[in-house]
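Peer 1: Here the protein sequences line up with chains A and B, keeping their order. FYI, this note's numbering numbers position 55 of the first sequence as 55, with every residue one higher than the one before it. FYI, this note's numbering numbers position 5 of the second sequence as 5, with every residue one higher than the one before it.
Note that these hints are calculated values from the structure, not bench results. The structure displayed is predicted, hence computed values, not measured ones. In this text, a Cβ means the ideal position worked out from N, Cα and C, and glycines have one as well. Treat the hints with care, as some may be off.
As the list claims (entries may be wrong) - Pair by pair, the computed Cβ-Cβ distance ranges are: (1) A:Ile160 to B:Ala163: 45 to 55 Å; (2) B:Ser2 to A:Ala8: 49 to 59 Å; (3) B:Glu70 to A:Pro148: 45 to 55 Å.
As the list claims (entries may be wrong) - Non-contacting residues of chain B with respect to chain A, defined by C-beta distances greater than 12 Å in every case (computed): (4) Arg3; (5) Val5; (6) His6; (7) Glu13; (8) Ala16; (9) Thr49; (10) Asp51; (11) Pro78; (12) Leu111; (13) Phe155; (14) Pro164.
2 protein chains.
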Amino acid sequence: MSRTVHTAALEPEAFAPFGEVIEAVGEPDQIINRGMCGRYHDLAGLDFTGDGARAGISLFQARPRALPYELDMMERHPQGSQAFLPMTADPFLIIVAPDACGAPGTPKAFLTRPGQGVNYRRGTWHGVLTPLHEPGLFAVVDRIGDGPNLEEHWFEEPYIIQAP
Amino acid sequence: MSRTVHTAALEPEAFAPFGEVIEAVGEPDQIINRGMCGRYHDLAGLDFTGDGARAGISLFQARPRALPYELDMMERHPQGSQAFLPMTADPFLIIVAPDACGAPGTPKAFLTRPGQGVNYRRGTWHGVLTPLHEPGLFAVVDRIGDGPNLEEHWFEEPYIIQAP
Numbered sequence: 001m002s003r004t005v006h007t008a009a010l011e012p013e014a015f016a017p018f019g020e021v022i023e024a025v026g027e028p029d030q031i032i033n034r035g036m037c038g039r040y041h042d043l044a045g046l047d048f049t050g051d052g053a054r055a056g057i058s059l060f061q062a063r064p065r066a067l068p069y070e071l072d073m074m075e076r077h078p079q080g081s082q083a084f085l086p087m088t089a090d091p092f093l094i095i096v097a098p099d100a101c102g103a104p105g106t107p108k109a110f111l112t113r114p115g116q117g118v119n120y121r122r123g124t125w126h127g128v129l130t131p132l133h134e135p136g137l138f139a140v141v142d143r144i145g146d147g148p149n150l151e152e153h154w155f156e157e158p159y160i161i162q163a164p
Numbered sequence: 001m002s003r004t005v006h007t008a009a010l011e012p013e014a015f016a017p018f019g020e021v022i023e024a025v026g027e028p029d030q031i032i033n034r035g036m037c038g039r040y041h042d043l044a045g046l047d048f049t050g051d052g053a054r055a056g057i058s059l060f061q062a063r064p065r066a067l068p069y070e071l072d073m074m075e076r077h078p079q080g081s082q083a084f085l086p087m088t089a090d091p092f093l094i095i096v097a098p099d100a101c102g103a104p105g106t107p108k109a110f111l112t113r114p115g116q117g118v119n120y121r122r123g124t125w126h127g128v129l130t131p132l133h134e135p136g137l138f139a140v141v142d143r144i145g146d147g148p149n150l151e152e153h154w155f156e157e158p159y160i161i162q163a164p
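The shape of chain A in the complex, shown without the other chains (with noise of 0.2 Å):
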């Protein structure tokens, strides 16, 4: 079996089964101050569980990777959703993957354009960030709550990701 996965510019339908891109395309659904902004609305489905758990806003900065990435390691959250949102213009790696009997299936890889971020699903098994670039800065908005809420899987070979 091929252990090499070949990235994607990301896109809605093709994210879909794993959560939402947020961006910012086609025609605002508001258009507010006085013409000057436009307001996409609502753009990722925020689902937070356990006692207590509520949605928070965090910063990740986390050193740059390059391709060819070596995947050995995938993680989800059973407990939350986690919306990753770039503080740069610079495109960043995502790796996701349907689960298959509790384990990640065979990942899938995007890379994303400027103004794009993405929402996992929460459950959804996805790679560590993996910006391309310095700073490598992103807001997080997670579950903030006590109680477990990471699995993570390790293959036992190495995915390979690469550019198409």
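Put chain B on the given structure of chain A with help from the hints.
Peer 2: For chain B alone, coordinates are given in the frame of chain A:
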């Protein structure tokens, strides 16, 4: 009375009466992903009131402005905090004011550094979103819900916001 307001660099202490500066400074609260990522945890006081109100992620795309900027109106959201997270590294202009008997008092203006976002506390008087560069794209975490959540105040004479 002077109607000129000079911008200052955005610093958490000066901004504290109005909300939080969302930025990755100092040591992260957690190191995750085997040392590859720092998490600056739960940086904003999200606060939404009213039946069924909840946090949501929207995108705002606003036309860039320039300094000097004529401030003729400020607004506030009595039912919710509002966070602005720039999706580019460009600085933007922030204008806030203390409340003075139901109207904005003398405004304060701040210029962000790359990597800084803000969260306006619920009910804080602020100017509309004023990027200084294209594409003027921001992720916004604010209140999703019904009911009136906008108050506007128009100044008889505008303030002029200027560089220091």
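Peer 1: Could you run down the list of hints and mark each one as holding or not?
Peer 2: Okay, the hints, checked on the actual structure:
| no. | hint | result |
| --- | --- | --- |
| 1 | A:Ile160 to B:Ala163: 45 to 55 Å | holds, 50 Å |
| 2 | B:Ser2 to A:Ala8: 49 to 59 Å | holds, 56 Å |
| 3 | B:Glu70 to A:Pro148: 45 to 55 Å | holds, 53 Å |
| 4 | Arg3 | holds, 21 Å |
| 5 | Val5 | holds, 19 Å |
| 6 | His6 | holds, 23 Å |
| 7 | Glu13 | holds, 19 Å |
| 8 | Ala16 | holds, 17 Å |
| 9 | Thr49 | holds, 14 Å |
| 10 | Asp51 | holds, 17 Å |
| 11 | Pro78 | holds, 17 Å |
| 12 | Leu111 | holds, 16 Å |
| 13 | Phe155 | holds, 15 Å |
| 14 | Pro164 | holds, 25 Å |
The structure fails none of the hints (numbered hints given earlier).
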